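S.K.: Residue numbers (this note's numbering), protein chains in the order written: chain A, 490 to 744; chain B, 490 to 744; chain C, 490 to 744.
Honestly, the hints are just simulated from the structure, not real lab data.
Don't take each hint at face value.
[Stated by the list, open to error] Simulated restraints, written as ranges between beta carbons of each label pair: (1) E718(B) with E561(C): 39 to 47 Å; (2) E561(A) with A701(C): 16 to 24 Å; (3) A503(A) with Q605(C): 39 to 47 Å; (4) L620(B) with R602(A): 47 to 55 Å; (5) F571(A) with R591(B): 37 to 45 Å; (6) D668(A) with R501(B): 43 to 51 Å; (7) R649(B) with T673(A): 30 to 38 Å; (8) A503(B) with E575(C): 33 to 41 Å.
[Claimed, not checked] Covered stretches of chain A (chain B as the covering partner; in silico rule of three or more C-beta atoms under 8 Å from a C-beta of chain B): (9) 513 to 521; (10) 690 to 700.
Since this is a predicted model, take the numbers as computed values, not measurements.
Built from N, CA and C at the ideal position, the CB exists for glycine as well.
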Amino acid sequence: MQNARLSAALERIASTRPLIHHMTNLVVASVTANLTLAMGGLPIMASAKEEVEEIASKSSVLLLNIGTPTSEQLEAMKLAGFMAKELKVPIVFDPVGAGASRFRTKAANDLVRELQPSVIRSNLAEALSLLEEDARILGVESLEDDEEAAKRAAMELATRFGCVAAITGRVDIVSDGKDVGRTTGGSPLLKSITGSGCMATTAVACFLANEAPIKAAALGLSLIKTASELTLEVKGPGSFQVALLDAVYRLRGGL
Amino acid sequence: MQNARLSAALERIASTRPLIHHMTNLVVASVTANLTLAMGGLPIMASAKEEVEEIASKSSVLLLNIGTPTSEQLEAMKLAGFMAKELKVPIVFDPVGAGASRFRTKAANDLVRELQPSVIRSNLAEALSLLEEDARILGVESLEDDEEAAKRAAMELATRFGCVAAITGRVDIVSDGKDVGRTTGGSPLLKSITGSGCMATTAVACFLANEAPIKAAALGLSLIKTASELTLEVKGPGSFQVALLDAVYRLRGGL
Amino acid sequence: MQNARLSAALERIASTRPLIHHMTNLVVASVTANLTLAMGGLPIMASAKEEVEEIASKSSVLLLNIGTPTSEQLEAMKLAGFMAKELKVPIVFDPVGAGASRFRTKAANDLVRELQPSVIRSNLAEALSLLEEDARILGVESLEDDEEAAKRAAMELATRFGCVAAITGRVDIVSDGKDVGRTTGGSPLLKSITGSGCMATTAVACFLANEAPIKAAALGLSLIKTASELTLEVKGPGSFQVALLDAVYRLRGGL
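The following block holds chain A by itself, in its conformation from the complex:
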């Protein structure tokens, strides 16, 4: 059973309490810290170049998210990322908005090439941007929802960068370059709140503390889709966001 597998993996997080170093955007810092706690992990949000290497070195996983990038923050991401790479702390990368500006596209491409993340979690447009293919992107939202294109992009991303690629959309796709998995379901309201993609990235990062990349990616995407279907008494995107955190916590066996 899917929920039983999720609960067992969440239990492993709660019993190991991994530290998840987030270098993320200011829009989702609060909700992703709360998601990490709801999953049983310990979040630390730290972006100052003076401390990121030390904090990355003590962390179980490093999450890099370029949703509101500045050149200073990108520089600090590289410092943290090189330290993580050296110490074999796995990296999860979320190229938010790659394709929306040349600055972001270049930043995303540089980080992927230099840091070799274990998992890239993105939407289809961002994935295509990393592959230097033409993407219809408007802002940070992907307007494409083409399962076959997502499968091809995930395979290609995974192969080219030696990582696991997790592309979210109506159907979620995970690939290690050899196989491709798909997950359906999930509430349509996931598209009506900011940060649902960033939350998926955080979920992958938390699972990555104890699981291999391909399994962590599948579990992370599945957690968000499953929790979104378990939300109770939802009357719109405000109550959905609240109920989503509650559902994650209940899946873990709390309350």
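Keeping the supplied structure of chain A fixed, place chains B and C upon it in accordance with the hints.
M.R.: For chains B and C alone, coordinates are given in the frame of chain A:
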């Protein structure tokens, strides 16, 4: 009917999916991104000087909010603003806390003069500060609630800066320098949450993608007041904030 | 009765509407601004070096929280702090994550020594870090929950730095260096949301506008524990966070 007019305008947003470029403060970044999505628009939060011109040039509306200003962010706002002005991308300006420090007052005045926004959305004290009149301001909250003063300030702001002025308070005032409109109603809890003014600014920005400034301003203020009256099961400011997003979404016809 | 004492103190806040200058981290900026409003105070979030002295000088209390520190922000905290000290505006200090990196530990120690806050609010690991004792710290969460150690640390912190020390945990401890008070109770969910410690710091800051430091510290910690027990219809950490703000507002007599 008011709700029918709002719903029709929200439908125009949902069918055009305008990109709303927010350069805003870190307190409200999350809730205003969520409001944009609830209204059917696409938010992008971007403040790095390296990308703001490109993103502003692709956007339907540029929103500038100085709630937690830094000199770097103000410089980037000018870059984005000049690009928007050149390309006739309309600008909505929210002079949060103008009057609370000389730094903010000067920043607000500079931006208004140089960028000529289509709409200024503020409270009365901030409006008086832009007019270099004496305002009783404490922090970012306006302590005045004087409808006649708000009408005079809105007329004067609109005339002096060639824009539409939208001043929120117990009674909301909108003026294009010739006429003055007023809207009453709204939940008293709007004063008990942070960012209700910033949400009004975002609402105006979303409507401005498809409507003339005077109509966008009236619709934006009306949306927040109307949604605040449609909130369900509210037990305090926490649940009010959640219910407010839900109500906007329902007005749009979702759920 | 505890609730009656809290309500009376909250009433004093609502009738004086003190301005609480927050220089805080980006994760909790929104929720602590909302808590300040729920308590009847007026929050202003300002961190630019160009304005922090002026804003601190107009404020009733200055709150310094180093949850996501940058060297620029720390420099601005010193500017604001020296102004506050000169004008006898009381300072509340929250050394978030002291011990998690050498950068934070040094920043926390410098700020405490130079600015002499009226109240330090921390968890046990952060307190031990300020005392240069060995602490088991992982990220920003304290893993210790040792009441006797907390009492000793609070006494020592208060004595060494001439302040009131407030250490939160399963049991909350307050000391002025002579006496030690303890508060039990509180919802276990306080550990499952980000920012519950930062909210306690904001609560102390709001009470400090009208009360002596030892009383403000006791009231602040008590408010969070009490409100957490008054939360209604909680299904997990998402709804708990919402219900916590509602409960504070109800304690104040609103709704």
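S.K.: Between the beta carbons of F571(A) and R591(B), is the distance compatible with 37 to 45 Å?
M.R.: 42 Å Cβ-Cβ, so the 37 to 45 Å window holds.
S.K.: Can you tell me if the segment 690 to 700 of chain A counts as covered by chain B, using C-beta to C-beta distances under 8 Å and a minimum of three residues?
M.R.: violated (count 0)
S.K.: Can you let me know if the beta-carbon spacing of A503(A) and Q605(C) is within 39 to 47 Å?
M.R.: Hint holds: Cβ distance 40 Å, inside 39 to 47 Å.
S.K.: Taking 47 to 55 Å as the stated bounds, is the beta-carbon spacing between L620(B) and R602(A) within them?
M.R.: Check passed, 53 Å falls within 47 to 55 Å.
S.K.: Can you let me know if the beta-carbon spacing of R649(B) and T673(A) is within 30 to 38 Å?
M.R.: For T673(A) against R649(B), whose Cβ atoms are near 57 Å apart, the range 30 to 38 Å is violated.
S.K.: If you count the residues of the segment 513 to 521 of chain A with a beta-carbon closer than 8 Å to a beta-carbon of chain B, do you get 3 or more?
M.R.: holds (count 6)
S.K.: Is 43 to 51 Å right for how far apart the beta carbons of D668(A) and R501(B) are?
M.R.: Given a distance of about 44 Å, which is inside 43 to 51 Å, the answer is holds.
S.K.: Does the Cβ pair A503(B), E575(C) satisfy 33 to 41 Å?
M.R.: Given range 33 to 41 Å: violated, Cβ gap about 54 Å.
S.K.: Just to be sure I understand the hint, the distance between the Cβ atoms of E718(B) and E561(C) should be within 39 to 47 Å; is that true here?
M.R.: 43 Å, holds
S.K.: Just to be sure I understand the hint, the distance between the Cβ atoms of E561(A) and A701(C) should be within 16 to 24 Å; is that true here?
M.R.: 41 Å, violated
Hint check: violations occur at hints 2, 7, 8, 10; the rest are consistent with the structure.
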